[in-house]
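Residue numbers (the working numbering), protein chains in the order written: chain C, 107 to 178; chain S, 2 to 371.
Honestly, the hints are just simulated from the structure, not real lab data.
From a predicted model like this one, the values you see are computed outputs, not experimental measurements.
The reader is advised that the hints may include incorrect statements.
[Claimed, not checked] Within a straight-line C-alpha distance of at most 30 Å, the following computed DSSO-like cross-link-like pairs (lysine-lysine) qualify: (1) C:Lys129 x S:Lys276; (2) S:Lys20 x C:Lys129; (3) S:Lys186 x S:Lys276; (4) C:Lys125 x S:Lys276; (5) C:Lys125 x S:Lys16; (6) C:Lys135 x S:Lys24; (7) C:Lys135 x S:Lys20.
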Amino acid sequence: MRGTIITLGSVTYAIKCKKLLNKHGIKSKLIKVDPGLNENGCTYGVEFPKESFYTAVMILRQENISYKVYRD
Amino acid sequence: MNYFDNAATTLPKPKSVVKEVSKCIRHYCGNPGRSTHIYAIKASEEIYRARESVAELLNLNSPESVVFTQNATHGLNIAIKGLVNDKIDVIISDLEHNSVIRPLSKAVNKYNGSISVYNSDFELEKAISPLIKENTRVLISTLSSNVTGKVMNPYLLSKIAQKHHLKLILDASQYAGHLPLDLSKCKCDCLIAPGHKALFGLQGSGILVMSADTNVDTLIEGGGGYDTLNTDMPHLLPERFEAGTPPTPSIVGLRCGIDYILSTGQENISFKLDKLTKRAYEVLSAINSIQIYGAENGIVSFKIGNVPSSITADLLSKNGIACRSGLHCSPLIHEKLGTVNGGLVRISFSYFNTVKEIDKLYKVLKSECK
């Protein structure tokens, strides 16, 4: 899948995000973003289809989950 | 062997715990939160699943507020040393275990603070309020004594702490898994429980539930698998307090133990423990030379005349009954009961004990007391 990647604060939040998006029908995958591409080293992210971006962002905002867009 | 030492650690564990722990260590126990291969991802997801089970049991909105610890002592050290970091007064009950008293004493001595002890026999507001001084900042209470089984009301403790603007640390070591606990109705800063007692997990697991706005300093710092270039521990729960490789098989076991409680029904477990406690109280009361010092919440403590508790415990062990004698790491309650010399014999039940086993205990003690 070459979709949108967002990074979360921790692996716990990345898993929470993945489960939440999957629950809402957005097929998501847990990934690790390489060091050097992130300010403080490796971090965890979630990849999902580009077309689901706005729905995904709405869901995360409703649940108060902070994220950063790594690749859109 | 009839096992009556469940307040120390539960035995046996549900079959689902044994099965899943075995599966974990055989098939998927990678190092969670480090790599991205299937073993590490699966381990990470199982740990998150365990947080969700804890959240369901305690009616928490956010699984992320569940920190996994090695045991209750570890969780209590984090909470106490994280919150007692100035010249303050701390109120505790007269039922506390050394897992509270020892780290608290160290913290209080370091900052030249003080400890006030409330009498658990009194109504809570009347027991605690007179002890509050200008510099009282923290209230710590067990929710059930590991010696007498006496249960303290977490909702009242929470109200009292809020009324007097105190941080609240609750030790649920003998409460979690015995009695229902709804943390949506009980605001506390830290709630701690071991995984290996009534939650039916393995030794090496425990939970520390912390509210996100509680400002607790870290006890241990180390690697977390991400954010490597940052020399500080992460700010977010739960990873902030989970440095190093977590005990994944123990956490998986804990999740299965909690799921067992959820599927059996906490109320059903509480009902059975109550029934076993009442039966034990009934049969032991019928033996003249036995003095019972506590019988509540799955725990019954007693002694036979002036016989040292260790001698009674040895006798029971020789007759196939496992229990604990002595002071149970809880000095204050034994000082209060006058049982420091000789200690007490403690029998403690789990959902897997039976009335038949208690009747055997009665026969052995009856024969001994002739």
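Which of the numbered hints above does this structure break? Result: hints 1, 4 break, sorted rising.
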